[in-house]
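Enquirer: Residue strings, one per chain:
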Amino acid sequence: MSATEFKDGLIKEIPNLRAFAASLSGSMQLADDLVQDTLLKAWGNSEKFEPGTSLRAWLFTILRNTYYSLYRKRGREVQDSEGTYAERMATHGNQESHLDLADFRKALAKLPEEQREVLIMVGATGLSYEETAEICGVAIGTIKSRVNRARTKLAELLSIGSIDDLGPDRKSAAAMQRVGSEIVGL
Amino acid sequence: MNDAGMAMDDSDGRGGTGSELMLDPKVQESIGRSLKAHYDDIVNAPVPDKFLVLLAQLEATEYRAVGASPDERN
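Those sequence lines, one after another, are chains A and B.
Under the working numbering, the residues of the first sequence are numbered 1193 to 1378, in order.
Under the working numbering, the residues of the second sequence are numbered 34 to 107, in order.
Some chain B residues judged to face chain A by a derived CB distance under 7 angstroms, without partners named:
1) Leu56
2) Val60
3) Ser67
4) Leu68
5) Lys69
6) His71
7) Tyr72
8) Ile75
9) Val76
10) Val80
11) Phe84
12) Leu88
13) Glu92
14) Glu95
Distance ranges between label pairs, derived from CB positions:
15) Asp1295/A - Ala93/B: 38 to 48 angstroms
16) Asp1295/A - Arg97/B: 42 to 52 angstroms
17) Ala93/B - Lys1265/A: 28 to 38 angstroms
18) Pro58/B - Ser1238/A: 35 to 45 angstroms
Honestly, the hints are just simulated from the structure, not real lab data.
Just so you know, these numbers come straight off a predicted model, no measurement behind them.
A virtual CB, placed ideally from N, CA and C, is assigned to each residue, including glycine.
One chain only, chain A, in its complex shape:
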């Protein structure tokens, strides 16, 4: 793979890297620092990328490792000053979902990070459970379990399951309550 081909591959992945980095760090400013570090590391280690495998999964692995080794603490500090992320980022989309994007992001930021990262990878990035498991270095079953817990916790934080327009039947409402009480006990 020539340097130009590799560069073009990286450019294509920048939007996804930014979205994943923002989801991890909760800050667009930190996300862009994280993406820059990731691009530099990827460039310096380009010979380790195997052509034909998923460049996105490879880059996400680098980004995630960089986040956990260097950025996690900074992310918490930035989140303390809150607002910037949800406010700045809520300007783009036209949201058709029932849930307001800013509210959803606040709830997402409250998830334990091991749950948040897998929910994003599996639910939004197009990565498979297998790729996600490999990126996180855990078993697929663990990924599935974390995704379920993340969804349940989000539903609880967003108080859906009790909202009329989502119309859960009584049985699932009861299930939600059971799950909710167990999460408190965890």
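Got chain A; can you put chain B on it based on the hints?
Expert: Same frame as chain A, but now just chain B:
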């Protein structure tokens, strides 16, 4: 913690699907849509120029180092 609570625990790495409590499909769907809305909102945002500048610089350095222009290499 009761049995159902244990099933929620992924620390053993099994995390099978059968024994876990599942959310209402409508709730799952709603969360799924919001996840995509959150993620795609950032994916569709303009990419800062600094990233393209950085990569162009890295590429130029690479070609200078091997003493060839991009055209010659391709």
